[in-house]
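Model the full assembly from the supplied sequences, consistent with the hints where possible.
Take a look at the letters that make up each chain.
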Amino acid sequence: MEKSTVLLEMTGISKVFPGVRALQNVDFRLRAGEIHALMGENGAGKSTLIKVLTGVYGRDAGTMSLEGEQITVKSPQEAQSAGISTVYQEVNLCPNLSVAENIYIGREPMKFGRIDWREINKRAKDALARLELDIDVTKVLNTYSVAVQQMVAIARAVDIKAKVLVLDEPTSSLDENEVEKLFEIMKKLKSNGIGIIFVTHFLDQVYQICDRITVLKNGELIGEYEISQLPRYELVSRMLGKEVDEFAALENSKVFNKQGKKPFIEAKNVGRRGTINCFNLSLVEGEVLGLTGLLGSGRTEMARLFFGADKIDSGELVIDGNRVHLNSPIDAINNEIAFCPEDRKQEGVIGDLSVRENIILALQTKRGIADRLTRKEQEKIADDYIRLLNIKVSSPEQLLKNLSGGNQQKVILARWLVTRPRLLILDEPTRGIDVGTKTEIQKLVLGLAGEGLAVMFISSELDETVRCCNHVAVLRDRNMIGELYGENANQTTIMQTIAGGAKQ
Amino acid sequence: MRKLKINASQFSLLITILLFIALFAAGSVKYPNFFSLQVFCNLLIDNSTLLVISVGMTFVLIIGGSGIDISVGSVIALVCMASAWLCQNTGLDAFTIMGLMILLGAVFGFVQGIFITYLKMQPFIVTLAGLMLARGLTALISENTITISNKTYVTLAQAKIHIFGTGAYIRSGVIIALVVLATAWFVLSYTRFGRNIYAIGGNEQSAILMGLPVNRTKVAVYTLSSMCAALAGIVFSLYMLSGYVLHGQGMEMDAIASTVIGGTTLTGGVGGVVGAFFGVLINGTIKTIIMFQGTLSSWWTRIVMAALLCIFIVIQRLLSMKSIEGVNSKKSNTGKLGKKTGSAAKQI
Numbered sequence: 000m001e002k003s004t005v006l007l008e009m010t011g012i013s014k015v016f017p018g019v020r021a022l023q024n025v026d027f028r029l030r031a032g033e034i035h036a037l038m039g040e041n042g043a044g045k046s047t048l049i050k051v052l053t054g055v056y057g058r059d060a061g062t063m064s065l066e067g068e069q070i071t072v073k074s075p076q077e078a079q080s081a082g083i084s085t086v087y088q089e090v091n092l093c094p095n096l097s098v099a100e101n102i103y104i105g106r107e108p109m110k111f112g113r114i115d116w117r118e119i120n121k122r123a124k125d126a127l128a129r130l131e132l133d134i135d136v137t138k139v140l141n142t143y144s145v146a147v148q149q150m151v152a153i154a155r156a157v158d159i160k161a162k163v164l165v166l167d168e169p170t171s172s173l174d175e176n177e178v179e180k181l182f183e184i185m186k187k188l189k190s191n192g193i194g195i196i197f198v199t200h201f202l203d204q205v206y207q208i209c210d211r212i213t214v215l216k217n218g219e220l221i222g223e224y225e226i227s228q229l230p231r232y233e234l235v236s237r238m239l240g241k242e243v244d245e246f247a248a249l250e251n252s253k254v255f256n257k258q259g260k261k262p263f264i265e266a267k268n269v270g271r272r273g274t275i276n277c278f279n280l281s282l283v284e285g286e287v288l289g290l291t292g293l294l295g296s297g298r299t300e301m302a303r304l305f306f307g308a309d310k311i312d313s314g315e316l317v318i319d320g321n322r323v324h325l326n327s328p329i330d331a332i333n334n335e336i337a338f339c340p341e342d343r344k345q346e347g348v349i350g351d352l353s354v355r356e357n358i359i360l361a362l363q364t365k366r367g368i369a370d371r372l373t374r375k376e377q378e379k380i381a382d383d384y385i386r387l388l389n390i391k392v393s394s395p396e397q398l399l400k401n402l403s404g405g406n407q408q409k410v411i412l413a414r415w416l417v418t419r420p421r422l423l424i425l426d427e428p429t430r431g432i433d434v435g436t437k438t439e440i441q442k443l444v445l446g447l448a449g450e451g452l453a454v455m456f457i458s459s460e461l462d463e464t465v466r467c468c469n470h471v472a473v474l475r476d477r478n479m480i481g482e483l484y485g486e487n488a489n490q491t492t493i494m495q496t497i498a499g500g501a502k503q
Numbered sequence: 000m001r002k003l004k005i006n007a008s009q010f011s012l013l014i015t016i017l018l019f020i021a022l023f024a025a026g027s028v029k030y031p032n033f034f035s036l037q038v039f040c041n042l043l044i045d046n047s048t049l050l051v052i053s054v055g056m057t058f059v060l061i062i063g064g065s066g067i068d069i070s071v072g073s074v075i076a077l078v079c080m081a082s083a084w085l086c087q088n089t090g091l092d093a094f095t096i097m098g099l100m101i102l103l104g105a106v107f108g109f110v111q112g113i114f115i116t117y118l119k120m121q122p123f124i125v126t127l128a129g130l131m132l133a134r135g136l137t138a139l140i141s142e143n144t145i146t147i148s149n150k151t152y153v154t155l156a157q158a159k160i161h162i163f164g165t166g167a168y169i170r171s172g173v174i175i176a177l178v179v180l181a182t183a184w185f186v187l188s189y190t191r192f193g194r195n196i197y198a199i200g201g202n203e204q205s206a207i208l209m210g211l212p213v214n215r216t217k218v219a220v221y222t223l224s225s226m227c228a229a230l231a232g233i234v235f236s237l238y239m240l241s242g243y244v245l246h247g248q249g250m251e252m253d254a255i256a257s258t259v260i261g262g263t264t265l266t267g268g269v270g271g272v273v274g275a276f277f278g279v280l281i282n283g284t285i286k287t288i289i290m291f292q293g294t295l296s297s298w299w300t301r302i303v304m305a306a307l308l309c310i311f312i313v314i315q316r317l318l319s320m321k322s323i324e325g326v327n328s329k330k331s332n333t334g335k336l337g338k339k340t341g342s343a344a345k346q347i
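So the sequence lines, in the order shown, correspond to chains F and X. Numbering that gives the first Met the number 0 puts the first residue of the first sequence at 0, with every later residue one more than the last. Numbering that gives the first Met the number 0 puts the first residue of the second sequence at 0, with every later residue one more than the last.
Think of the hints as simulated: they come from the structure by calculation, not from any bench. It should be emphasised that the depicted structure is a prediction, and the values quoted were computed from it without experimental measurement. Note that the Cβ used here is the ideal one computed from N, Cα and C, for glycine as well. Mixed in with the good hints, there may be bad ones.
[Said to hold, decoys possible] No farther apart than 27 angstroms at their CA atoms in a straight line, the calculated lysine-lysine pairs in the DSSO-like style are these:
#1 K138(F) with K121(F)
#2 K162(F) with K189(F)
#3 K159(X) with K73(F)
#4 K138(F) with K124(F)
#5 K400(F) with K375(F)
#6 K119(X) with K400(F)
[Unchecked claim] Derived DEER-like restraints, expressed as beta-carbon distance ranges:
#7 L308(X) with D26(F): 57 to 65 angstroms
#8 R215(X) with N217(F): 36 to 44 angstroms
#9 T62(F) with I310(X): 32 to 40 angstroms
#10 D115(F) with R301(X): 41 to 49 angstroms
#11 A306(X) with K391(F): 53 to 61 angstroms
#12 R215(X) with D115(F): 36 to 44 angstroms
#13 M109(F) with R215(X): 17 to 25 angstroms
Structure follows, in structure tokens:
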């Protein structure tokens with residue numbers, strides 16, 4: 000297949016949502032046999048462009064053609080039959096159906112006028128085997144982890160014999176091995192002449208696999224580039240539309256002296272059977288503690304103990320020298336501990352409430368129902384934090400669900416900051432957020448620490464951990480295997496600790 | 000080979016079946032003459048109408064999105080009354096009348112489906128309007144009982160279908176009901192339409208994104224439910240041989256109760272018609288036991304059903320909570336991060 004054959008062409012696409020111009024005159028060109036990265040900050044219009052392509056949204060202007068023929072895609076159904084197959088950012092499968100059925104629903108093989116279940120299960124097994132996933136395909140989908148579900152979604156998309164494959168952040172819940180497998184599949188499909196649109200926030204992945212990059216910003220096209228002609232730094236500056244030296248600026252704040260300070264919270268031999276083995280850990284005010292380790296090493300599990308989300312069954316927690324019992328999150332809140340969970344979509348965002356209501360939620364809970372915040376107080380708090388965190392909203396009364404992912408995360412952060420916690424636990428606060436907002440949140444964390452807040456920071460990205468944390472606890476297989484401080488906590492030492500224990 | 004249903008839902012189906020057996024056994028132990036094929040056949044005869052609407056209700060509940068159809072009882076009354084009036088006042092052939100009634104049901108359900116699907120109105124409200132409309136139209140035709148004396152109807156109603164010379168018999172309505180049941184089972188398990196219903200009930204948004212014909216399926220399901228109700232009306236007119244404005248009153252609630260006891264959840268995506276069948280049988284068995292007992296008021300049926308409904312909803316809840324726990328422990332086993340942080344955020 001010739002490299003330059005244009006497979007899909009979108010010209011002059013515009014899309015307006017009430018009050019927001021989501022896309023404005025955007026062109027996009029996908030060639031057969033290429034992997035094309037679609038990049039931009041949150042709110043740049045990537046998802047909107049993809050949803051226009053796949054028929055979820057109608058477009059207000061513009062034309063689309065596939066293999067030279069004009070197409071009008073009015074529904075996901077039409078997109079699929081036209082040969083456009085999609086894996087969306089959030090897993091979009093049916094939790095109540097079996098894995099096999101999720102892969103084949105809508106195009107089940109039939110035999111004698113009835114669905115051939117035997118064939119479906121067999122083919123599903125094969126499809127997943129190609130992704131090197133060996134699971135019982137007759138089991139219901141929601142008995143599997145998010146990562147497995149994501150792989151199932153990918154298996155479905157790949158199995159549909161498509162001309163265009165759209166992957167909208169498929170890798171955010173996958174571990175490295177799974178990502179590698181996905182990339183192998185992508186390369187195979189590419190060599191078969193399929194055009195792949197790849198949306199991701201991981202720059203490494205872009206440079207590892209993509210051929211071309213199209214950059215969007217604020218709903219407008221910035222440009223299309225060959226990957227070799229756009230070095231990483233250039234890409235970031237195109238996406239942000241400004242010169243970025245903020246990365247460098249962050250590095251300075253690393254120096255932190257723990258000596259002589261009294262620990263704010265201490266865990267002495269704390270553990271919980273089956274989730275995390277006994278560990279000792281202490282945090283002083285103004286310290287940013289990073290919990291790092293591979294997926295499943297027990298990071299979240301450890302953090303949950305500090306929030307009373309799980310009860311400890313050995314050892315003791317000490318705050319300001321007094322032993323405390325955290326039996327439930329409300330105990331933790333009363334001890335001025337706050338927790339931003341990992342899965343903000345499911346566990347933090349209340350989309351149908353306004354930004355203001357979402358912000359004051361935790362504070363109101365803390366004060367109790369009798370001591371209601373007046374409307375004026377609420378508005379003041381909301382305005383303050385919107386300004387402080389630089390949350391992009393049209394008004395505090397905007398519904399949270401209409402905000403981009405990064406801004407939603409900031410609102411959740413604000414919700415907890417309002418309660419003036421002394422310990423803030425952040426579980427993957429920057430997952431699925433664009434580079435610019437990521438940096439902002441990282442800066443914010445450091446700023447808060449500077450004001451005396453203790454922060455527990457969980458991240459899968461090593462560079463982020465290194466940049467933000469002055470104290471890193473390394474976990475492996477549900478054990479805390481080491482602690483690193485200050486300058487000693489860099490990517491190399493962390494990886495050495497994870498990989499080989501204390502040999503060095 | 001079919002290992003498709005969720006263990007949890009299979010479990011709740013199993014409980015339903017065991018409960019039916021236990022009830023029937025209890026009746027058999029307590030009352031002589033209870034344990035006979037004819038008592039079981041009567042169970043089917045007396046509840047064939049309920050079975051047909053419960054099948055329709057199962058579809059509506061599985062498709063979720065607060066899916067419910069409370070118009071079915073009134074549609075039964077309307078069909079009985081309209082059939083009786085047509086028999087009395089026109090020379091139409093009985094089968095033509097039945098055909099017209101099915102068509103009436105289809106149109107009725109189609110319109111409800113359009114309102115629910117395209118105008119995104121609450122199914123409860125739409126079918127409540129349907130309930131009132133159908134009952135009102137029934138009274139408009141006649142406020143008095145109209146007896147059906149059409150020959151074909153009477154022959155069909157009185158026909159006894161004997162079972163292999165055992166002496167026990169069933170009525171034609173039972174045949175209709177069992178055919179509906181078997182067809183519905185096949186449709187739900189082995190056709191794309193059926194599987195799409197489960198998919199939509201599982202997650203409507205996902206179903207749209209997977210390219211399934213969501214709107215069409217929803218309209219079809221409501222059409223189907225009203226068609227079942229019309230068919231149930233025909234079965235009921237054979238059972239009663241009359242049209243009366245209060246026929247089938249409250250029967251929609253019995254259908255919902257039977258379906259839920261049979262393991263179909265109100266939240267959608269889970270359940271099936273086999274469960275509904277046993278739900279209906281349980282309902283009937285309780286009635287029969289109370290009849291055999293002789294002194295208890297027939298309203299006790301309602302009280303027992305109420306208790307069962309509560310128990311079953313609690314069981315379903317516990318099962319679904321358990322399966323969520325299962326997921327979490329599974330995640331830990333495979334080394335993925337647990338997502339239990341939910342409890343933390345939700346409490347706040």
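Hint-by-hint comparison with the structure:
1. Proposed proximity of K138(F) and K121(F) is supported: the alpha carbons are some 13 angstroms apart, at most 27 angstroms.
2. For the given pair, K162(F) sits about 10 angstroms from K189(F) by alpha-carbon distance, which is consistent with the 27 angstroms threshold.
3. Simply put, K159(X) and K73(F) have alpha-carbon atoms about 55 angstroms apart, too far for the 27 angstroms limit, and the pair is violated.
4. In summary, the hint linking K138(F) to K124(F) is supported, as the alpha carbons are separated by about 12 angstroms, within the 27 angstroms threshold.
5. A C-alpha spacing of about 23 angstroms is found between K400(F) and K375(F), which places the hinted pair at or below 27 angstroms, so the restraint holds.
6. Distance restraint check for K119(X) and K400(F): the Cα-Cα separation of roughly 20 angstroms lies within the 27 angstroms cut-off, and the hinted pair is therefore satisfied.
7. The hinted window of 57 to 65 angstroms between L308(X) and D26(F) holds, with their beta carbons roughly 59 angstroms apart.
8. Range check, R215(X) to N217(F): about 38 angstroms between beta-carbon atoms, so the 36 to 44 angstroms window is met.
9. The given range of 32 to 40 angstroms is broken by T62(F) and I310(X), whose C-beta atoms sit roughly 60 angstroms from each other.
10. Between D115(F) and R301(X) the C-beta distance comes to about 45 angstroms, which sits within the given range of 41 to 49 angstroms.
11. Against the hinted window of 53 to 61 angstroms, the Cβ-Cβ separation of A306(X) and K391(F) comes to about 55 angstroms, which satisfies the hint.
12. Separation of R215(X) from D115(F) is about 23 angstroms and departs from the stated range, judged on CB atoms against 36 to 44 angstroms.
13. Take M109(F) and R215(X): their Cβ atoms lie about 19 angstroms apart, and the range 17 to 25 angstroms holds.
Hint check: violations occur at hints 3, 9, 12; the rest are consistent with the structure.
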